[in-house]
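Novice: Using the hints provided, position chain B relative to the given structure of chain A.
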Amino acid sequence: MMFAPAPFLLKDTSVSQVMTQVCLALIPGIAAYIWLVGPAIVFQLAIASLAAIAAEAFMLKLRGKPLAMFLSDGSAIVTAWLIALTFPPLAPWWLVVTGTLFAILIAKHLYGGLGQNPFNPAMVAFAACIVSFPALMSQWPSIGLQMPLTDQLSVILGQLPRIDALSGATPLDSLKTALKLGDSQIDVAHLLANQDIYGNFAGRGWEWVAAGYLFGGLWLWQRKLITWHSPVAFLGAIVLLSGALWLYQPASFANPLFHLFSGGTMLGAFFIITDPVSGCTTPRGKLIFGFGAGLLAYVIRVFGGYPDGVAFAVLLMNLSAPLIDQLTQPRIFGMKGNQP
Amino acid sequence: MTRDELATIARNGLWKQNTSLGQVLGLCPLLAVTTNMVNGVMLSLATIIVMALANVAVASLRNLIPHEIRIPVFILIVAALVTVVDLLFNANLHELYVVLGIFIPLIVTNCIVLARVEAFAAKNPPLNSTMDGVFMGLGMLWTLAVLGAMREFISSGTLLGGIDMVFPALSPIQVLPESYPGFLLGLLPPGAFILLGCMIAWKNWMDARAAERAKRQAPPVAPPAAPAEALG
Chain A
15 MMFAPAPFLL KDTSVSQVMT QVCLALIPGI AAYIWLVGPA IVFQLAIASL AAIAAEAFML
75 KLRGKPLAMF LSDGSAIVTA WLIALTFPPL APWWLVVTGT LFAILIAKHL YGGLGQNPFN
135 PAMVAFAACI VSFPALMSQW PSIGLQMPLT DQLSVILGQL PRIDALSGAT PLDSLKTALK
195 LGDSQIDVAH LLANQDIYGN FAGRGWEWVA AGYLFGGLWL WQRKLITWHS PVAFLGAIVL
255 LSGALWLYQP ASFANPLFHL FSGGTMLGAF FIITDPVSGC TTPRGKLIFG FGAGLLAYVI
315 RVFGGYPDGV AFAVLLMNLS APLIDQLTQP RIFGMKGNQP
Chain B
260 MTRDELATIA RNGLWKQNTS LGQVLGLCPL LAVTTNMVNG VMLSLATIIV MALANVAVAS
320 LRNLIPHEIR IPVFILIVAA LVTVVDLLFN ANLHELYVVL GIFIPLIVTN CIVLARVEAF
380 AAKNPPLNST MDGVFMGLGM LWTLAVLGAM REFISSGTLL GGIDMVFPAL SPIQVLPESY
440 PGFLLGLLPP GAFILLGCMI AWKNWMDARA AERAKRQAPP VAPPAAPAEA LG
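Protein sequences, first through last, are from chains A and B. One point on numbering: in the numbering used here, the residue at position 250 of the first sequence is 264, and numbering is uninterrupted. One point on numbering: in the numbering used here, the residue at position 210 of the second sequence is 469, and numbering is uninterrupted.
Okay, chain A solo, but in the shape it has when bound (with noise of 0.2 Å):
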């Protein structure tokens, strides 16, 4: 599976390679998210990562095709952890097996498996879950929470009460509930400054865990596994859009710098926008691809009733591509426009 068109110049990339790659570059993030949270993150990777194996094994048995092909191409786990990450990390486990399943099954097999679906299947597993289990699905843990390991482990399989105390909100969401609660009274920079959720530039700490993704982002694109389109086309639009917002009425949006380490911002900018086989494949398809994820996570964060828009926003966006690409056709050399 190639990434882009004829010539190849560059060297051949194996589809594990790069898959092998792009979770290395995760481990940033995830080594801010344990410092955050505690081990139970591990817990949650390892459990969707055996149901994305056990899920893919058995479609491709049910499909007919090699297994172990498929199976060392490593692509079942990347999904697995990107939704293993989106997920609050202490979630019961059948909420994340469940998840995973979705996602393998149907929205990447019985679309015709790798590189054939239309959608990115670890945001329609989060798409669909959230839209099921909306309550269990936004029970994010207060940060600085000093849970014992194991204590987080029962938890996750359902043998301690979930109780509130291990239920805060998101810094966007905090801050979403502040602006529609509060009276004209309330304004973004006093919340953002007094209140303890939040760090110096976003949710207290969870800074780190994006610039961890960040950083694995930015390995990515140094080892030529990404372009830099899609990634700056999806920042740009989320800044652009909330610097204006920002500007007209600083009372009531928070700060650009505050979305872009808040929520999925970059864990969606590097590693889930970037999707070769949902996303666009043209550069100039990129860009648009990308700024148009970022107008949309922005519009559904601020203005939506869910936590978090990038996983609709890319998701629209999937539903889009074929036609951008279509229309962002590079030109052909020697040729006058793209047709022969």
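Keep in mind that the hints are not guaranteed to be accurate.
[Said to hold, decoys possible] BS3-like cross-link-like pairs, simulated, lysine-lysine; straight-line CA separation at most 27 Å:
{"no.": "1", "chain 1": "B", "residue 1": "K275", "chain 2": "B", "residue 2": "K382"}
{"no.": "2", "chain 1": "A", "residue 1": "K79", "chain 2": "B", "residue 2": "K462"}
{"no.": "3", "chain 1": "B", "residue 1": "K474", "chain 2": "B", "residue 2": "K462"}
{"no.": "4", "chain 1": "B", "residue 1": "K474", "chain 2": "A", "residue 2": "K79"}
{"no.": "5", "chain 1": "B", "residue 1": "K462", "chain 2": "A", "residue 2": "K75"}
{"no.": "6", "chain 1": "B", "residue 1": "K474", "chain 2": "B", "residue 2": "K275"}
[What the hints assert, rightly or not] Quick partial rundown of chain B residues pointing at chain A, CB under 7 Å, derived from the structure:
{"no.": "7", "residue": "F442"}
{"no.": "8", "residue": "L443"}
{"no.": "9", "residue": "L444"}
Just so you know, these hints were derived from the structure itself, not from any lab. None of the values given here were measured: they were computed from a predicted structure. Backbone N, C-alpha and C define an ideal beta-carbon position, used for all residues, glycine too.
Specialist: Relative to chain A, chain B alone:
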């Protein structure tokens, strides 16, 4: 009507040209009311009544209706029948009537009804047409029942929810434990689409297998007749 004709009509209605799986008609009520099995079955029953009566009326009048204005005439007949069914539901099964809501009056615009009237009843004698209406409706009934049962099971872990609206003595069956969190997607339209897609795939797979078997048993076989007309 010969036995063969009846068998063909039954096979077409129940399986081959199944309204939901073969012709893929009437998706709007299908998606909207199959949130549980009882709703799906009751709407199908209403549709069966309308279809059987509409078919017999149109088939009896088929030589009197001018060809140019046949569609408005068909719609008038169907609308009159739907009004009767609507009033019947309202009077006798009022709770269910509230649940099914707009979808009972909307049977008028259900393309299955018009499709059968136009494609079958306008060209066939009354008895055949009645049976066609009944069997097409039965085909719709079993698909909606299966789809409704699956959606209900996935979304809440029960079966026969709402049965007390039809038979007050009965109550829904809790299949999964009470702690089942409920996969809400089954209840939402996307879940209905996904499950309907799976059912259509299952039908196509069964058909392909049957065709394969038939080919193996009797090699020189005439090509099957082209699939029947479909109206939107």
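Novice: Compare the structure with each hint and give your call.
Specialist: Okay, the hints, checked on the actual structure:
Distance restraint check for K275(B) and K382(B): the Cα-Cα separation of roughly 20 Å lies within the 27 Å cut-off, and the hinted pair is therefore satisfied. For the hint pairing K79(A) with K462(B), the CA-to-CA distance comes to about 23 Å; that is within 27 Å, so the pair holds. For the hint linking K474(B) to K462(B), the alpha-carbon distance of about 18 Å falls within 27 Å, and the restraint holds. Simply put, K474(B) and K79(A) have alpha-carbon atoms about 26 Å apart, close enough for the 27 Å limit, and the pair holds.
Of the pairs offered as hints, the one joining K462(B) and K75(A) holds, with about 21 Å between alpha carbons and a cut-off of 27 Å not exceeded. A hinted pair counts as satisfied when its Cα atoms are at most 27 Å apart, and K474(B) with K275(B) qualifies at roughly 18 Å. Annotation: interface hint on F442(B) holds; nearest CB of chain A at approximately 5 Å, less than 7 Å. Restraint check, L443(B) versus chain A: the minimum CB separation of about 4 Å is within 7 Å; hint holds.
Among the interface hints, the one on L444(B) holds; its C-beta lies about 4 Å from the nearest C-beta in chain A, closer than the 7 Å criterion.
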